[in-house]
Amino acid sequence: MIYEVFRQERKGQAFQHAGSIEAADERFAESYAREQYGRRGESQALWVVARSSILQIDEFVDELNRNYHRVDGYPLKEKLKEARERAGTSRPAVADR
Amino acid sequence: MPARADLLLQIADDELILGWRDSEWTGIAPFLEEDVAFSSIAQNEVGHARALYELAARELGTTADELAFDRQPEEYRCSALVELRLPEWERTIARHVLYEQADAERLERLKASDDAEVAGLAAKIDREEVYHRLHAQMWEERLKEEPRFLSALEELRPLVDRRAAHSPALAELWDAMTSVRRSQPAGTRW
Amino acid sequence: MDQREQDFLEYVQGGGQVEAGDWMPDEYRTRLRKFIEMHGNSELMGVLPEREWILRAPTLQRKLALTAKVQDEVGHAQLIYRVVEDLGKPRDECFDDLISGKSKFHNVFHYPTKTWGDVGVIAWLVDAAAIISQKALLKCSYAPYARIMKKICWEESFHILHGRDVILTLMNGTDDQRELVQEALNRWWGPLMQFHGNPIPADQDPMLVWRIKSQGNDEARQQFLDGYVPQIWELGLTVPDRALRQDEQTRRWQYTEPDWDELKSVVTGHGPKTEDRLDLRRQARENSAWVRSVLLAA
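Residue numbers (numbering that gives the first Met the number 0), protein chains in the order written: chain L, 0 to 96; chain Y, 0 to 189; chain P, 0 to 297.
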């Protein structure tokens with residue numbers, strides 16, 4: 000069975016995929032992951048997961064360009080310029096200072 | 000020879016010779032993942048030997064390397080169990096299982112020693128041995144129905160505490176182990 | 000090449016990364032897998048010349064360092080074969096092909112190690128040559144391979160230091176010890192110069208075209224010479240090539256043309272130790288077949 004190994008380099012950091020090992024069962028997987036990814040004390044922690052337990056998602060659909068919940072959906076520059084002119088608070092362009 | 004040094008050498012020699020034998024599987028173990036794991040065990044064993052030699056060396060006025068390499072085969076205090084060359088996996092694992100059991104008991108006694116240094120080192124070694132034991136148990140679990148493993152256990156069990164005479168296997172190992180070192184005068188750095 | 004393949008080629012040439020599940024042209028997949036498999040084979044076979052010395056290491060420190068180094072190489076083989084497996088070729092098939100001689104491994108691992116001097120020279124110079132090649136794979140278009148190369152390169156860094164330490168200790172030791180190093184260097188120089196392969200123009204090197212490697216053979220060799228000839232000379236060692244010199248203007252190294260026939264012969268299975276070592280692998284594999292089937296019977 001193939002087990003995927005995720006390692007955390009230091010406390011607080013995200014677990015990152017580090018590689019995979021072949022093992023007969025969880026006990027062997029633990030022993031092997033420990034040595035392959037931790038014998039130098041280079042990992043704070045490891046997650047060892049059977050590959051068959053991993054659900055991969057790599058197709059995402061956004062046919063209608065839903066930008067309302069992203070930063071790029073809010074171009075504010077023009078509106079801000081207009082509002083400042085109305086309030087008389089327009090600032091000189093940076094180059095004029 | 001002071002009693003403490005004598006005891007330390009007995010354990011150190013066991014770990015050294017066993018580690019030397021176990022390290023022979025590096026590169027040719029039954030499969031790659033196991034190769035890496037078993038090599039760590041072998042290295043730990045040699046590392047334990049080194050720490051024990053260092054402790055004894057201070058008392059005896061010598062160095063760990065001199066204790067490990069520069070004695071004659073007859074002077075080693077290792078058991079018959081660890082001396083044998085066992086190129087079969089079932090015999091290697093059988094030895095591993097038997098040795099870990101015996102060593103666990105020995106370490107318990109040492110951890111209770113009045114000598115703080117010995118007790119402290121024994122505790123450190125024991126913490127590493129936890130993983131050796133897990134590994135041995137893991138294999139024993141898998142091989143417990145295998146006839147060749149069971150006969151290996153039977154074959155090797157009587158050798159666990161046999162420390163009287165050394166087999167030719169030790170002299171052979173010593174010869175290979177020390178050949179580079181002996182090619183130059185004592186004290187040469189490597 | 001059809002449009003889809005052409006698009007893929009432009010994609011990788013523009014720095015695009017490919018994952019295991021992605022579509023790839025047959026030619027890319029085939030060349031890639033063969034290349035990576037040869038690397039795995041080399042790590043696995045590279046273990047054998049060195050492990051003879053694990054038994055004979057002359058101090059506890061050297062014993063530990065050498066065992067750890069060889070262990071790393073086994074670990075690298077594990078990482079690499081897993082990548083090959085995810086590209087569709089099971090590990091057992093890789094071993095079958097290695098043992099039968101159908102697939103290859105690098106030239107340097109076909110030669111004998113005769114003395115402790117070889118142990119030093121291998122860790123210092125052979126590993127250095129290998130690391131140069133490996134660094135050129137960090138930007139491989141095939142991402143799973145690029146990722147393991149990161150771990151491999153990181154682990155190799157201690158190998159070189161270990162090698163240098165062994166060599167420096169010998170060079171500061173007895174006359175006999177210095178002779179060990181020079182004699183080993185004399186034997187290893189030829190294979191080292193052949194190691195990176197014969198020169199291939201960049202646009203004719205498929206490894207460069209498909210962005211599997213990012214450095215050509217000649218460049219790798221020049222980099223090796225740049226880094227290591229000065230190190231060799233500063234210890235008072237001589238390189239067994241009278242033509243070796245660095246051009247004042249271009250800074251390029253000139254040398255006697257390596258024996259490409261020897262390289263070809265060795266890599267196709269006719270090296271001095273090829274048969275012995277493949278035999279050892281075959282034996283080890285046969286003897287432990289029962290272990291693998293016991294573990295499979297979950």
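Hints in this document: simulated from the structure, not taken from any laboratory. Virtual Cβ for every residue (Gly too), placed ideally from N, Cα, C. Any given hint might turn out to be false.
To be verified - Across the chosen pairs, the derived CB separations fall in these ranges:
1) 54/L to 282/P: 52 to 58 Å
2) 292/P to 168/Y: 27 to 33 Å
3) 119/Y to 111/P: 44 to 50 Å
4) 292/P to 129/Y: 27 to 33 Å
5) 168/Y to 54/L: 51 to 57 Å
6) 52/L to 21/P: 45 to 51 Å
7) 1/L to 119/Y: 39 to 45 Å
8) 123/Y to 70/L: 51 to 57 Å
9) 79/L to 250/P: 54 to 60 Å
10) 178/P to 111/Y: 48 to 54 Å
11) 67/L to 136/Y: 54 to 60 Å
12) 123/Y to 178/P: 50 to 56 Å
13) 10/P to 66/L: 25 to 31 Å
14) 85/P to 112/Y: 37 to 43 Å
Structure versus earlier hints, numbers of those that do not hold, lowest first: 1, 6, 12, 14
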